[in-house]
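Undergrad: What follows is each chain in one-letter form.
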Amino acid sequence: MTDERNRHLLGRSLPVAGVGALILVLAAFPLVFTNPTATNFGIITLVFVTVASAWNLFSGFSGYLSLGHAVFYGTGAYFLVVAAKDWNLNGSAVFWLLPLAGAVAALIAVPLGLVALRVRRHTFVVITIAFFFIAQLSASNLSVTGGSSGALAPIPNWASATYNNPFYYVALLLAAATVVLSVLVRRSRFGLQLRAIRDDEDRAAGLGVRTMPVKLTALVLSAFITGMAGALWVYFIGQAVPQFVFDPLFDLAVVLMAFFGGLGTIAGPVLGALVLEPTQLYLNLQETNGYTSEILFGALFLAVILFLPRGVLPTAAEYASSEWARKLALRVRSRRGRTDPADGEGSAAAPVGSEAAGTTR
Amino acid sequence: MASEISQAIAAGILGGCVYALMAAGLTLIFGVLDIINVAQGILVVLGAYLSYVLSVHLHLDLLLGLFITVPAMFVIGVAIYWLFIRPLRGAERTSMTLLACFAVGLIIEGVLYREFGSNYVSLTTWYTTATVHIFDFYLADIYLIGFGLAVVAIGVLYLILYRTTFGRAVRATMQNQVAARLIGIDVNRVSALTFGIGTAVTAIGGMVYGAISGGFTPNSGYDLISRLLAIVILAGMGSIGGALVAAVFMTTVEAVVDIWQPDWSVAVFYLAMVIILTFRPTGLFGRRAARAQ
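So the sequence lines, in the order shown, correspond to chains W and D. Under this note's numbering, the first sequence has 337 at position 337, and the numbering climbs by one with no breaks. Every position in the second sequence, counted from 1, becomes a number in this note's numbering once 361 is added.
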């Protein structure tokens with residue numbers, strides 16, 4: 001089947017070339033656009049690429065939607081601020097705190113997961129919301145976080161022209177590592193178990209998947225990355241204030257990014273973050289009142305859920321493959337000079353097969 | 362001290378009934394539709410703002426205003442269901458509808474910010490400032506009025522659910538949607554009306570909340586929804602009687618803790634919830650979890 005092989009070649013080489021080009025573009029971005037506003041956008045967007053991919057690693061793969069990832073993000077952020085102050089760290093040394101911040105967030109995720117992952121899937125969503133509010137409340141009331149007035153991150157004394165660059169490349173590294181990790185998880189036995197849980201948890205358990213450890217591992221992994229991203233973000237922003245560190249819009253934004261691109265896919269959350277975060281940052285620059293972006297955000301979310309419930313990428317892939325299969329069937333038919341019903345059936349089945357093998361669920 | 366505590370308990374019980382009413386709407390919607398309406402908090406705030414507009418601009422009495430705001434919220438609820446919830450189907454429906462509700466809530470919050478800004482407003486009239494003397498402490502009249510309203514509204518809910526044909530259809534849909542459809546119940550209509558009723562109670566809840574909370578902004582929805590969710594989870598999703606008990610219990614404990622630890626009293630809600638869920642994942646009065654979906 002040369003067609004089959006062609007499709008595989010196309011399916012393999014196209015993403016690789018695309019990813020290579022994307023990485024080149026992203027690596028060259030701060031060298032081409034030296035304007036601090038542009039690199040600001042770049043850093044925040046890369047942070048969201050990381051967080052959306054990390055969220056997807058747990059929620060997209062397992063089907064347990066978390067609306068409480070801000071807990072991990074904020075924990076990482078506060079850890080960095082407090083640790084840098086206590087240990088008198090500044091400059092690039094602060095970046096070494098990122099893994100530690102991730103570890104603290106992962107540590108928080110263990111008891112949280114042990115409680116929250118026992119319940120049904122929709123109750124889980126609600127519990128993650130509740131954990132989010134507990135975290136926000138604690139940040140406003142504990143003395144270690146500086147209360148509601150917040151705490152300051154150290155300010156590195158880097159040259160102002162290239163001030164953003166270290167942040168940018170660390171963010172790029174983090175984002176790339178997260179995507180690679182997602183691919184590895186997806187291809188592993190562990191990733192298969194996660195998706196089995198998503199499709200039918202009882203059946204997965206019946207087939208011998210130890211669901212609790214699998215879910216918990218995914219949550220902890222996701223929390224670890226989210227904590228690192230939060231720490232990087234706060235170091236760049238320079239200040240940790242409870243209502244911005246623990247922001248309900250953050251949770252929704254991350255979920256929207258994953259849904260927009262395609263829940264449970266690798267490229268979906270990346271695409272979602274690359275499209276939506278700059279848009280939101282731009283809107284915030286244009287309209288400083290706050291409510292315009294809120295309304296637009298909600299409207300966009302509704303539009304995605306109602307009209308593209310599976311996300312842009314899976315929908316596009318399905319459309320493309322069905323289009324491709326139709327053309328192929330036509331060509332085969334015209335070459336044979338007759339219509340064979342069995343052949344028509346075979347090519348109609350092709351997109352279904354490619355869907356199962358491809359990125360969609 | 363003793364009078365402080367007894368006053369806190371009285372306020373907790375009376376206020377708890379108002380929370381119970383709002384939570385009843387939430388849990389009713391969940392029971393019938395399997396939808397967690399996370400917009401319930403902001404809908405309460407919307408109800409409060411509707412009362413505010415009527416009383417400030419039209420000089421309508423708060424209680425009389427309910428005759429306008431309750432139907433208005435009912436219509437809003439039906440509209441939300443028809444436009445954004447009904448089209449969602451498929452295996453991930455519960456999660457998707459939750460996100461849709463979140464998005465609707467966000468839009469409502471944005472619109473409220475646009476119209477009313479972020480300043481605190483509160484509902485005031487003669488019975489929010491006048492007090493009654495009970496035993497050895499004073500309570501604002503509105504607490505008693507709110508309590509009365511909540512009791513009447515919950516009573517009406519019960520009558521609708523257990524004494525009417527529509528109520529029987531609602532309960533049938535709660536028990537088994539497919540079977541309900543098979544015996545000729547128009548599940549879509551029942552769902553829309555249930556969503557409307559669950560939303561309509563927020564008009565009453567919002568009016569009382571706006572009067573006893575001492576001020577609200579569009580942002581108050583988050584505080585409300587987190588309490589309401591804690592109540593319905595503690596009670597067990599879908600149990601209206603349980604919501605009543607849980608709401609009264611939680612607000613009373615919160616009011617008492619508030620005397621010593623005003624900053625942390627809200628945490629009581631979540632702590633109780635976490636502890637209960639650790640030992641009883643379906644909540645206090647919840648049905649056994651159906652096959653995980």
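Do not rely on the hints blindly, as some may be mistaken.
Just a few of them, taken from the derived set where beta-carbon distance is under 7 Å, the chain D residues facing chain W [to be verified]: (1) Pro448; (2) Ser456; (3) Leu467; (4) Gly471; (5) Gly478; (6) Tyr519; (7) Ile544; (8) Ile620; (9) Gln622; (10) Pro623; (11) Asp624; (12) Ser626; (13) Ile637; (14) Leu645; (15) Phe646.
Hint data in this document are derived by calculation from the structure and do not stem from the laboratory. The structure displayed is predicted, hence computed values, not measured ones. By construction, the Cβ of each residue, glycine as well, lies at the ideal position given by its N, Cα and C atoms.
Undergrad: Look at each hint and say if it fits the structure.
TA: Hints and how they fare:
1. Pro448: Because about 6 Å separates Pro448/D from the closest Cβ in chain W, which is inside the 7 Å limit, the hint holds.
2. Ser456: holds, 5 Å
3. Leu467: Since chain W brings a Cβ to about 4 Å from Leu467/D, closer than 7 Å, the hint holds.
4. Gly471: holds, 4 Å
5. Gly478: For Gly478/D, the interface hint is violated, since the closest Cβ of chain W sits about 10 Å away, which is over 7 Å.
6. Tyr519: Violated: closest Cβ of chain W sits about 25 Å from Tyr519/D, beyond 7 Å.
7. Ile544: violated, 27 Å
8. Ile620: violated, 17 Å
9. Gln622: At 9 Å from the nearest chain W Cβ, Gln622/D fails the 7 Å test, so the hint is violated.
10. Pro623: Violated - the Cβ of Pro623/D stays beyond 7 Å from chain W, reaching only about 10 Å at its closest.
11. Asp624: Where the cut-off is 7 Å and the nearest Cβ of chain W is about 5 Å from Asp624/D, the hint holds.
12. Ser626: violated, 10 Å
13. Ile637: violated, 10 Å
14. Leu645: violated, 14 Å
15. Phe646: Nearest chain W Cβ about 14 Å off; hint violated.
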